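> Sequence:
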Amino acid sequence: MSGASICGMMAVALLLLAQGGPSEACSCGAQHPQTAFCHSQVVVRGRIVGIEKMKRENATDEEPSLLRLQIKVSKVFKGFDLKPELEYLYTPIHESLCGYTHPSNNKSEEFLFSGHIVKDMVMISLCGFNSPISKLTPSQKRGLTHIYKTGCGCEIFPCNGPCAVTKPNQCLWTDALMSRSWVAHQALHLACVEKGNGECTWESMKSRAGATPFKASRI
Numbered sequence: 001m002s003g004a005s006i007c008g009m010m011a012v013a014l015l016l017l018a019q020g021g022p023s024e025a026c027s028c029g030a031q032h033p034q035t036a037f038c039h040s041q042v043v044v045r046g047r048i049v050g051i052e053k054m055k056r057e058n059a060t061d062e063e064p065s066l067l068r069l070q071i072k073v074s075k076v077f078k079g080f081d082l083k084p085e086l087e088y089l090y091t092p093i094h095e096s097l098c099g100y101t102h103p104s105n106n107k108s109e110e111f112l113f114s115g116h117i118v119k120d121m122v123m124i125s126l127c128g129f130n131s132p133i134s135k136l137t138p139s140q141k142r143g144l145t146h147i148y149k150t151g152c153g154c155e156i157f158p159c160n161g162p163c164a165v166t167k168p169n170q171c172l173w174t175d176a177l178m179s180r181s182w183v184a185h186q187a188l189h190l191a192c193v194e195k196g197n198g199e200c201t202w203e204s205m206k207s208r209a210g211a212t213p214f215k216a217s218r219i
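Going by full-length UniProt numbering, the sequence shown runs without a break in its numbering and finishes at 219.
By construction, these hints were calculated from the structure, which means they are not laboratory data. You may find that some hints are simply not true.
To be verified - Pairs of lysine-lysine residues, derived as DSSO-like cross-links and limited to a Cα-Cα distance of at most 30 Å, are as follows: (1) Lys107 - Lys119; (2) Lys195 - Lys107; (3) Lys141 - Lys55; (4) Lys149 - Lys206; (5) Lys141 - Lys107; (6) Lys141 - Lys72; (7) Lys83 - Lys119; (8) Lys78 - Lys53; (9) Lys75 - Lys119; (10) Lys167 - Lys107; (11) Lys167 - Lys83; (12) Lys135 - Lys149; (13) Lys135 - Lys53; (14) Lys75 - Lys149.
Said to hold, decoys possible - Here are the in silico distance ranges between beta carbons for each label pair: (15) Glu199 - Ser179: 19 to 27 Å; (16) Arg180 - Asp81: 37 to 45 Å; (17) Gln70 - Thr201: 15 to 23 Å; (18) Ser104 - Gly161: 30 to 38 Å; (19) Thr137 - His102: 16 to 24 Å; (20) Glu87 - Ala30: 30 to 38 Å.
All figures in this text were calculated on a predicted structure; none of them were measured in a lab. We put the beta carbon where it would ideally sit given N, CA and C, even for glycine.
Could you build the full structure based on these sequences and the hints that come with them?
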């Protein structure tokens, strides 16, 4: 089963869990930004201008189970063909169900959001690639505009102990091993890209940008 299929199933599971109420604490696996981009159906930049609680469809109780975030989209990196007119994002209301909590009351601040489409709703979660645009590195911005999607045939394998690649299209993600944090050099500055012979390798997005028309891209 592909990673995208697994992530889609997780999105459906989040919606079903939201309909059932809170349970155990949320647990998110380590995910490189490129992996999050490739496995998401929708990736956008925009401003959250309103948030409201919602009951699930055909709910019989009085307790809301979803948050609906009204978004003003300024750029679509992925998913325009699936959702050309995106106005709302949805997330479980409970953090225990990996519900996303928006960290800003500033309606002019732009964020990156990644999600999946479930029953015509774009579902986001705590486990997605969601970040203030101001906190993305220049390399990550280049990744979003072009480079990440060129490496979606590659597999980034999280490694925090002795490990080795098992397939030629794998890149070992060792940030946690080398820096004791998954948010380090490989996540902030590198992409796993195809070499043209079925193999993948880490490459600096700064050096790769010079060979593409996206060098001066702004997001």
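> Could you run down the list of hints and mark each one as holding or not?
These are the hints, each one checked on the structure:
1. Lys107 - Lys119: Measuring from Cα to Cα gives roughly 27 Å; hence the hint holds.
2. Lys195 - Lys107: It is violated: about 42 Å lies between the C-alpha atoms, which goes past 30 Å.
3. Lys141 - Lys55: It is violated: about 36 Å lies between the C-alpha atoms, which goes past 30 Å.
4. Lys149 - Lys206: holds, 16 Å
5. Lys141 - Lys107: holds, 21 Å
6. Lys141 - Lys72: Between Lys141 and Lys72 the Cα gap is close to 19 Å, so the pair holds against 30 Å.
7. Lys83 - Lys119: With Cα atoms ~12 Å apart, Lys83 and Lys119 stay inside 30 Å; holds.
8. Lys78 - Lys53: holds, 27 Å
9. Lys75 - Lys119: Roughly 23 Å separates the two Cα atoms, so the pair holds.
10. Lys167 - Lys107: violated, 45 Å
11. Lys167 - Lys83: violated, 34 Å
12. Lys135 - Lys149: Distance ~21 Å between Lys135 and Lys149 Cα, so the pair holds.
13. Lys135 - Lys53: holds, 28 Å
14. Lys75 - Lys149: Roughly 16 Å between the alpha carbons, so the hint for Lys75 and Lys149 holds.
15. Glu199 - Ser179: 19 to 27 Å: For Glu199 and Ser179 the Cβ distance comes to about 25 Å; the hint holds.
16. Arg180 - Asp81: 37 to 45 Å: Taking Cβ atoms as reference, Arg180 and Asp81 lie about 40 Å apart, which means the hint holds.
17. Gln70 - Thr201: 15 to 23 Å: Distance hint for Gln70, Thr201 is violated at roughly 41 Å.
18. Ser104 - Gly161: 30 to 38 Å: For Ser104 and Gly161 the Cβ distance comes to about 36 Å; the hint holds.
19. Thr137 - His102: 16 to 24 Å: Because 22 Å falls inside the window, the suggested range holds.
20. Glu87 - Ala30: 30 to 38 Å: holds, 32 Å
Taken one by one, the earlier hints fail for this structure at numbers 2, 3, 10, 11, 17, listed in ascending order.
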